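FYI, the numbering for the sequence shown is 1 to 241, going by this note's numbering.
Rather than coming from a laboratory, the hints here were simulated on the basis of the structure.
All figures in this text were calculated on a predicted structure; none of them were measured in a lab.
Errors might be hidden in some of the hints.
[Stated by the list, open to error] Subject to a maximum C-alpha distance of 25 Å in a straight line, what follows is the list of computed SDA-like cross-link-like pairs (lysine to any residue):
no.: 1; residue 1: 90; residue 2: 199
no.: 2; residue 1: 18; residue 2: 52
no.: 3; residue 1: 90; residue 2: 131
no.: 4; residue 1: 90; residue 2: 215
no.: 5; residue 1: 18; residue 2: 72
no.: 6; residue 1: 90; residue 2: 123
no.: 7; residue 1: 90; residue 2: 171
no.: 8; residue 1: 90; residue 2: 194
no.: 9; residue 1: 90; residue 2: 237
no.: 10; residue 1: 130; residue 2: 144
no.: 11; residue 1: 130; residue 2: 99
no.: 12; residue 1: 18; residue 2: 73
no.: 13; residue 1: 130; residue 2: 157
no.: 14; residue 1: 18; residue 2: 102
no.: 15; residue 1: 90; residue 2: 202
[As the list claims (entries may be wrong)] Simulated restraints, written as ranges between beta carbons of each label pair:
no.: 16; residue 1: 155; residue 2: 207; range: 26 to 32 Å
no.: 17; residue 1: 152; residue 2: 214; range: 18 to 24 Å
no.: 18; residue 1: 176; residue 2: 127; range: 38 to 44 Å
no.: 19; residue 1: 239; residue 2: 1; range: 42 to 48 Å
no.: 20; residue 1: 120; residue 2: 86; range: 18 to 24 Å
no.: 21; residue 1: 177; residue 2: 39; range: 31 to 37 Å
no.: 22; residue 1: 78; residue 2: 184; range: 21 to 27 Å
no.: 23; residue 1: 64; residue 2: 120; range: 46 to 52 Å
no.: 24; residue 1: 1; residue 2: 176; range: 28 to 34 Å
no.: 25; residue 1: 155; residue 2: 16; range: 50 to 56 Å
We put the beta carbon where it would ideally sit given N, CA and C, even for glycine.
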Amino acid sequence: MYERLNGVVLRTISYNDKNSIVRVYTDSHGLLSFLLPQSNGKTARMRRALFQPLSLVEIESDITANREIYRIREARCLVPLPSLHSHPVKNAVSLFITELLSHVIVEEEPNAPLFAYISSSVQLLDRLEKGIANFHICFLYNLGIFLGIEPDTSTYTRGSRFDMLNGVFTTSIPAHSHFLHPEESEALMTLSRMSFANMHLFRFNRDQRRRLLDLIIGYYRLHNSAVGEIRSLDILTALFA
């Protein structure tokens, strides 16, 4: 039976001479893979343009159980994002977010709160006029809430250390090496107070922003072994000097 589902495009990978595979995180079925024609016809070109990273799309497809790849019967833009792919800085941020999401989202089960968070964040980035340099930092920190790895900030006391393995702050030195010293632990607490509404008020220099990103990505890697090298990270560092 054909279904209509909403999705956010994560990435497109080569499949064969005639098709690519586009990975889409959907609201009702989690992560799905669809065939994307690679011909030079007008319809194929328009469809490829529709499936750019972080695009929000509506797809009609026959979602049959136990299949790995689905065919698209119809597809259309769900929400226009006029500046996301044309603005060079926003485009770089979107590529970074897409790459990270491709590592951490592997489930084929629906997660409505996670989908809503990603969808609303993408639309915000498209509209954003200030605070772009902090968007990806804010996005990543709050993404942890939906992935179940949010730091327990209620355990923080001034001068404590953040135990990255257990996600808590402690006044004693952990028996392992995966912890932050007091200064960096305080910086992590600063991030916990950042939201999309106030992120433009936070001022970080290039080194601080890179260190914060390194800390967050390192934390993700400890809790998800699928998070490997993030190739687009260096581009962001160069942009937000």
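Hints versus structure:
For the hint pairing residue 90 with residue 199, the CA-to-CA distance comes to about 16 Å; that is within 25 Å, so the pair holds. Pair hint residue 18 plus residue 52 holds up; C-alpha atoms about 18 Å apart against a cutoff of 25 Å. With a C-alpha separation of about 11 Å, the suggested pair residue 90 and residue 131 falls inside the 25 Å cut-off, and the hint holds. Proposed proximity of residue 90 and residue 215 is supported: the alpha carbons are some 22 Å apart, at most 25 Å.
Only pairs whose Cα atoms come within 25 Å are accepted, and residue 18 paired with residue 72 is accepted, the gap being roughly 15 Å. Note on residue 90 and residue 123: the hinted pairing holds, with a Cα-Cα distance of about 11 Å set against a maximum of 25 Å. Restraint check: the Cα-Cα separation between residue 90 and residue 171 comes to about 40 Å, which exceeds 25 Å; the hinted pair is violated. Proposed proximity of residue 90 and residue 194 is supported: the alpha carbons are some 19 Å apart, at most 25 Å.
Restraint check: the Cα-Cα separation between residue 90 and residue 237 comes to about 14 Å, which is no more than 25 Å; the hinted pair holds. Between residue 130 and residue 144 the CA atoms are separated by roughly 23 Å; this keeps the pair inside 25 Å, and the hint holds. This hinted pair checks out: residue 130 and residue 99 have alpha carbons roughly 23 Å apart, not beyond 25 Å. The suggested pairing of residue 18 with residue 73 holds, with an alpha-carbon distance near 17 Å, which does not exceed 25 Å.
Our distance criterion of 25 Å between C-alpha atoms is broken by residue 130 and residue 157, whose separation comes to about 32 Å. Between residue 18 and residue 102 the CA atoms are separated by roughly 23 Å; this keeps the pair inside 25 Å, and the hint holds. As the CA atoms of residue 90 and residue 202 are separated by approximately 18 Å, the hinted pair is consistent with the 25 Å bound. The given range of 26 to 32 Å is respected by residue 155 and residue 207, whose C-beta atoms sit roughly 28 Å from each other.
Against the hinted window of 18 to 24 Å, the Cβ-Cβ separation of residue 152 and residue 214 comes to about 21 Å, which satisfies the hint. Residue 176 and residue 127 have their C-beta atoms about 42 Å apart, which keeps the hinted 38 to 44 Å range intact. A hinted range of 42 to 48 Å for the beta carbons of residue 239 and residue 1 is consistent with their spacing of about 45 Å. In this structure the hint that residue 120 and residue 86 lie 18 to 24 Å apart at CB holds, the actual value being about 21 Å.
In this structure the supplied range 31 to 37 Å is violated for residue 177 paired with residue 39, their Cβ-Cβ distance being about 53 Å. Between residue 78 and residue 184, the C-beta spacing of about 40 Å breaks the proposed range 21 to 27 Å. Separated by about 30 Å at the C-beta atoms, residue 64 and residue 120 break the suggested range of 46 to 52 Å. Our hint of 28 to 34 Å for residue 1 and residue 176 is violated, since their Cβ atoms are close to 51 Å apart.
The supplied range of 50 to 56 Å is met by residue 155 and residue 16, whose beta-carbon atoms lie about 52 Å from each other.
Hints 7, 13, 21, 22, 23 and 24, counting from the list given before, are not met by this structure.
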